[in-house]
Structure formats: structure tokens, C-alpha cells
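One rule links them: number in my numbering = place in the sequence shown (from 1) + 36.
Since the hints were derived computationally from the structure, they do not count as laboratory data.
Among the hints, a few may not be true.
[Unchecked claim] Derived Cβ-Cβ restraints for the label pairs, each shown as a range:
id, residue 1, residue 2, range
1, ASP376, HIS251, 53 to 63 Å
2, GLY200, ASP132, 52 to 62 Å
3, ALA367, ILE302, 29 to 39 Å
4, HIS374, THR265, 51 to 61 Å
5, ASN150, ASP376, 21 to 31 Å
6, ASN168, LEU387, 24 to 34 Å
Glycine included, every Cβ here is placed at the ideal spot set by N, Cα and C.
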Amino acid sequence: MKPLDSLFLARANELAAHGIGNTAPNPPVGAVLVRHGEIIGEGYHHRAGAPHAEIEALKATKAIDSKAASGATLYVSLEPCNHAGRTPPCTQSIIDAGISRVVIGAIDPNPRTNGSGIQRLREAGITVELANDATSAILIEIFSHAMQNQRPYLALKLAMSLDGFITSKPGVQEWLTSEEERLYVRNLRIMHDAIMVGAGTIRIDDPQLTVRPSHNRLRPYYRIVLCETGTVSETSRIFETVENYERTIIITRSSAPKLEKVAEVIVAEDLTAALQALYESGIQSILCEGGPTLGARLIEAKLVDRFYWAIAPKLLANKDAVPVLTGVDLAALQRELHFDHIEQTGDDIILSGIFLENRS
Numbered sequence: 037m038k039p040l041d042s043l044f045l046a047r048a049n050e051l052a053a054h055g056i057g058n059t060a061p062n063p064p065v066g067a068v069l070v071r072h073g074e075i076i077g078e079g080y081h082h083r084a085g086a087p088h089a090e091i092e093a094l095k096a097t098k099a100i101d102s103k104a105a106s107g108a109t110l111y112v113s114l115e116p117c118n119h120a121g122r123t124p125p126c127t128q129s130i131i132d133a134g135i136s137r138v139v140i141g142a143i144d145p146n147p148r149t150n151g152s153g154i155q156r157l158r159e160a161g162i163t164v165e166l167a168n169d170a171t172s173a174i175l176i177e178i179f180s181h182a183m184q185n186q187r188p189y190l191a192l193k194l195a196m197s198l199d200g201f202i203t204s205k206p207g208v209q210e211w212l213t214s215e216e217e218r219l220y221v222r223n224l225r226i227m228h229d230a231i232m233v234g235a236g237t238i239r240i241d242d243p244q245l246t247v248r249p250s251h252n253r254l255r256p257y258y259r260i261v262l263c264e265t266g267t268v269s270e271t272s273r274i275f276e277t278v279e280n281y282e283r284t285i286i287i288t289r290s291s292a293p294k295l296e297k298v299a300e301v302i303v304a305e306d307l308t309a310a311l312q313a314l315y316e317s318g319i320q321s322i323l324c325e326g327g328p329t330l331g332a333r334l335i336e337a338k339l340v341d342r343f344y345w346a347i348a349p350k351l352l353a354n355k356d357a358v359p360v361l362t363g364v365d366l367a368a369l370q371r372e373l374h375f376d377h378i379e380q381t382g383d384d385i386i387l388s389g390i391f392l393e394n395r396s
């Protein structure tokens, strides 16, 4: 690796981030073409079925039908694909363009490529460097986990006071976190295909669960309500028709004739079956903003791939206060938490990480 490689790879990662939320079931990917230390073309994957990042970068140099990229170095956040799908394999386009060196941020977890793209390029005499870049890996975290587990990647967002409560008493809606934290959550919603809550959240808060202010997204959003032990009113705001949103999905253990008039109803015996059904319907990632019961159930079932834990500088403890998680041994849970990111948003702190036991 050369001194400037990290700079150009960082630019490829920056470009890839433009595709977050739009490329599923493909991962977001960015690419930069460099010759004599200068960028001559760059691009990113916009959506499934559209040209891949490498092709966008080649098009920017008019190198598809010429040798404008001959001798150049290609920086790409993810290993170029080596199979034909909706688009031809990128490896052949790279070879045909006369590119002499390729720097790759992360290897493709898709079994159809997974190293074969690197092998094909090397067989063609191209120098290939695999950076194993941390940012490149984060960009494909959702894609990688969904593909490996054959279910949607599930992120759990929790918010609590300093003393571990979400509200001062049951059944009331209280603003706990700052406006900046709510903007952070908006960006999380944009990143994921679907937002999921439990029936209790719908009954108490009657949320619409939309991105506000609205965000132009190429793929429509989904809203999911899990009704394991109780139902919701068919007049709830969650069922309102909203532009760029699919019909709301209800997960239940039995049929729900009233709700079938306003929503898509999926009957599933447990959480694992529910996630499988959602994956088969094309949902690759879910942000769960459920309450203490749903959050605890997902943790207990070992279905949480990443958590976002917001802590507000408030104290709510009293005999009626509602804890952030119901029925969870927090002391035991602590041993499984691995925090890999922390930041301040307004007056709040957001901790993010994984459950180590779920990665074994």
C-alpha cells in the first residue's frame, strides 16, 4: 500500500455511503479511478439493477469503450463482483479497461464472489491489494449479516434516563431525549428498510413512524408492528397511506380480519419465523424502536445484530417508573455487551455495539 492509498480508499467509502438505504439487496459500494496521483473518475452503486460502482467510475472517464483508464489504479470499497446477475461481472470490465492495479476495502461475503473477484483480476495480471479497511467493513455490515443469516439484519434502538427508565409511569408518552438525538434516529431510519415496534407502542403513542423531514429514497420504506399478545386499532396512524411507504405489515400469531383491511398481515409462530417471512418478502434490514417488552424479547432470542443505546441526562426513578428492558438481568447482559462506538448528540450520549454471544 502506498501513502496516498488510504486517502483514495476513504473517498471510495465516502461515495459508497451515498447509496446507503437504496442498494438492497446489494451492498453500498463506491469506486475511484486514479492515474498519476489524480482522480480521473469516480462513482457509486445507486440501486439494485443499476450499474455497479466500478462501472460508474469507468463511465465517468469514458473508459467503457476506450483505454482512458489504461494503467490507472482503481480504489473500490468492496471486492468487484465476478458473476453475472442483473449486470455483467465487473472484473471483466476492469480487465478490458486496462486498469493495472486495484485496491479493495473489503472482501465480498457473497459466496458467488468471495475472493474469486480478486483471483480473476490477479490471473489477468492486475496487481490487487486487499486493505481489510474497517470503514469498508462497516458499510457492508447490514448486507453481510443478512446474507450470512438469511434473515433481516436487526438493529435495536433503546433510549433511557440516567437511572435506566423510559418513562415515569406506565401508559404515558414523555419526551426523554433531545432534538439532536431524534435527528440521529431519523438517519438510522433512512439506513434501514423497515421500522418495527410492538403493539404497545402503537396503543400508547399512536406514531406514524415516518422519516421527518422526509428523505428522498429510491426504495420504499416498510413499517412493521409486532402483535404477539395484543392487537391495535385499525384507525391507528400507522395505517395511514404515506408516499414512498409500503403498506404497513402486521406480525401476529393468528389471523386478524379487521387489520387485513388496512395492512398486510403475516402469521408467524415466533420471532424467528417472523423475521424469516420478512426476509423472504425482500426486507433486508430492520430498525426496532420497540418498548421494553419487545426489546427484551429480541435480546432473549439472540436476534439483535446491533444496538443503539441513547442515554438522556434525566432521572425518572419512582415506584411507577418503567425500566428500559422488562425481565432482563442487566448484570448478566453487561458481560455480553461490546461497545464499539460512542458519541454525543445534543445533551444525550449514544452508545452503539453488538452482543458478543450473537457473533460466536
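Exercise. Against which earlier hints does the structure fall short, listed by number upward?
Worked result: Of the numbered hints given earlier, those the structure breaks are 1 and 4, listed in rising order.
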